[in-house]
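Peer 1: Sequence:
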Amino acid sequence: MRTIAHGVMTVSLVLALGACTAEERAPDGPGQPTVAESGGAEVPELVATTVKPLGDTGSAPFDQARTVQAPPGWTVSVWARIPSARLLAWTPDRQLLVSRPKFGDVLALTPGADGTVPAQRTLLSGLNQPHGLAFAGDTLYVAESDQVNSFAYNNGQVADRKIVIGGLPDDKSPELRGAYSHALKSVAIGKDGSIYVSVGSTGNISEQDRDATPQRATILRTPAGGGTPTVFARGVRNGTGLAVDPDGAVWTAVNHRDNIQFPYELDYDGDGGKDNGDVMQAYVNDHPMEQLARLTEGRELGWPYCNSEPDVNPGDPKSPLSYTNRPFVLDLQTNVDGSKLDCSKLPPVEQGMGAHSAPLGLSFVSAPGLPGSYGPGALVGIHGSWNRKPPRPPEVSFYAWRNGTLGPQQTLLTGFQLADGSRWGRPVMAVQGPDGALYVSDDHAGAVYRVTAPA
Numbered sequence: 001m002r003t004i005a006h007g008v009m010t011v012s013l014v015l016a017l018g019a020c021t022a023e024e025r026a027p028d029g030p031g032q033p034t035v036a037e038s039g040g041a042e043v044p045e046l047v048a049t050t051v052k053p054l055g056d057t058g059s060a061p062f063d064q065a066r067t068v069q070a071p072p073g074w075t076v077s078v079w080a081r082i083p084s085a086r087l088l089a090w091t092p093d094r095q096l097l098v099s100r101p102k103f104g105d106v107l108a109l110t111p112g113a114d115g116t117v118p119a120q121r122t123l124l125s126g127l128n129q130p131h132g133l134a135f136a137g138d139t140l141y142v143a144e145s146d147q148v149n150s151f152a153y154n155n156g157q158v159a160d161r162k163i164v165i166g167g168l169p170d171d172k173s174p175e176l177r178g179a180y181s182h183a184l185k186s187v188a189i190g191k192d193g194s195i196y197v198s199v200g201s202t203g204n205i206s207e208q209d210r211d212a213t214p215q216r217a218t219i220l221r222t223p224a225g226g227g228t229p230t231v232f233a234r235g236v237r238n239g240t241g242l243a244v245d246p247d248g249a250v251w252t253a254v255n256h257r258d259n260i261q262f263p264y265e266l267d268y269d270g271d272g273g274k275d276n277g278d279v280m281q282a283y284v285n286d287h288p289m290e291q292l293a294r295l296t297e298g299r300e301l302g303w304p305y306c307n308s309e310p311d312v313n314p315g316d317p318k319s320p321l322s323y324t325n326r327p328f329v330l331d332l333q334t335n336v337d338g339s340k341l342d343c344s345k346l347p348p349v350e351q352g353m354g355a356h357s358a359p360l361g362l363s364f365v366s367a368p369g370l371p372g373s374y375g376p377g378a379l380v381g382i383h384g385s386w387n388r389k390p391p392r393p394p395e396v397s398f399y400a401w402r403n404g405t406l407g408p409q410q411t412l413l414t415g416f417q418l419a420d421g422s423r424w425g426r427p428v429m430a431v432q433g434p435d436g437a438l439y440v441s442d443d444h445a446g447a448v449y450r451v452t453a454p455a
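Numbered per the working numbering, the sequence shown spans residues 1 to 455.
Be careful, since some hints might not be right.
[Stated by the list, open to error] Cut-off 27 Å, straight-line C-alpha distance, at most; resulting in silico cross-link-like pairs (DSS-like, lysine-lysine):
id : residue 1 : residue 2
1  : K340      : K274
2  : K172      : K102
3  : K318      : K274
4  : K389      : K274
5  : K102      : K162
6  : K389      : K318
7  : K162      : K172
8  : K162      : K191
[Said to hold, decoys possible] Label-pair restraints from in silico Cβ distances:
id : residue 1 : residue 2 : range
9  : D420      : Q157      : 17 to 27 Å
10 : A65       : T122      : 26 to 36 Å
11 : G338      : K318      : 34 to 44 Å
12 : K389      : G227      : 28 to 38 Å
13 : D56       : R402      : 33 to 43 Å
14 : G421      : Q157      : 23 to 33 Å
If you're looking for bench data, these hints aren't it; they were derived computationally from the structure. Quick caveat, the model's predicted, so the values are computed rather than measured. The beta-carbon is built from N, C-alpha and C at its ideal position, and this holds for glycine as well.
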């Protein structure tokens, strides 16, 4: 059945499929197994784990028992209550910084003894939607919606504020007239001191972003110390996840587009007619995949003209899904004849996750990494879908770092969504602390969790 819309143009599409790892389609879940190979050792199946409030953290939603799925023996505690907690960064003196765009501030949490809540204080206030946080030595970088600042950090205090990248677009930019869906920025610092900042698209499909100054739907870069940014990677619809891997390469986790048209001259819904141009909920649910890509200068991630294809057998509603080394297919709404961008020439995307996962914070865990067979890898906060039917659940995902790249997605922490699709929590970012524990921000529950493995 053609459920939402129908295009008027017909086109034959040819995909050159890259190497892939097939995974069974899981329409109600994150689209990948919770047991996967990690460096030759099987990671354990997750088990039900009761979330334990510490101190005075037991107000709603923790005024009733909450259970998540976690590795066996791991504990999950409500370590702090931080309304609208977003991105995280550890300071050189072992304080955890939490950005809060909604409140215009950055809080500092000072850990106490095990089993106690941290001390809280405001480190920065009066900012314009502060989001991304990054350190390079004793320099703190904070990404506001319209600029990136640097601060000298010393003994829990900041000074010497400098604007290292200015003039970034947000909802106050005159040319956008308040219409900007992805104003929040993330920031990462390369090993050479280069500053990288994510600049999201204006909306779901906004081709004019590719011609704007500065260009939107990009990852921008300036040399160490700041200056006028240049485009490092484009076609990045909303690369909120931004981090540097152990070898120094920059990766982004991307929130991709909604309501994609079916791009093949095939019968997808089984009614006997070709469905190219249709927007069908069954297809939209798993297309396009969200991207987790290693960036090099000039990398093109396709948006809005090309979409990463998760189907092993493209156009087949029963095809297995894969998110490893995935090729591109043209977007029928914006690139019907392929003249805007030749999708077949784009390098495949290294990793990804199910459509509408909404990846937000991205961080790397260096060797020795997480306990057990997990090891080093990347952590991604999966916020969960807002328009998928049924909704894709929030989780914390792990991608093992092996042989200089990332392996497939593994679910590390889940259970924030109930059977009826409602949620009591939505993870934003996970980082490993200096104590080896994981710290996870949740802007829906207004919490930071501390997750520890058995000794």
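Peer 1: Decide, hint by hint, whether the structure agrees.
Peer 2: Against the structure, the hints:
no.	hint	result
1	K340 to K274	holds, 24 Å
2	K172 to K102	holds, 15 Å
3	K318 to K274	holds, 16 Å
4	K389 to K274	holds, 23 Å
5	K102 to K162	holds, 22 Å
6	K389 to K318	holds, 17 Å
7	K162 to K172	holds, 21 Å
8	K162 to K191	holds, 20 Å
9	D420 to Q157: 17 to 27 Å	violated, 47 Å
10	A65 to T122: 26 to 36 Å	holds, 32 Å
11	G338 to K318: 34 to 44 Å	violated, 27 Å
12	K389 to G227: 28 to 38 Å	violated, 46 Å
13	D56 to R402: 33 to 43 Å	holds, 42 Å
14	G421 to Q157: 23 to 33 Å	violated, 45 Å
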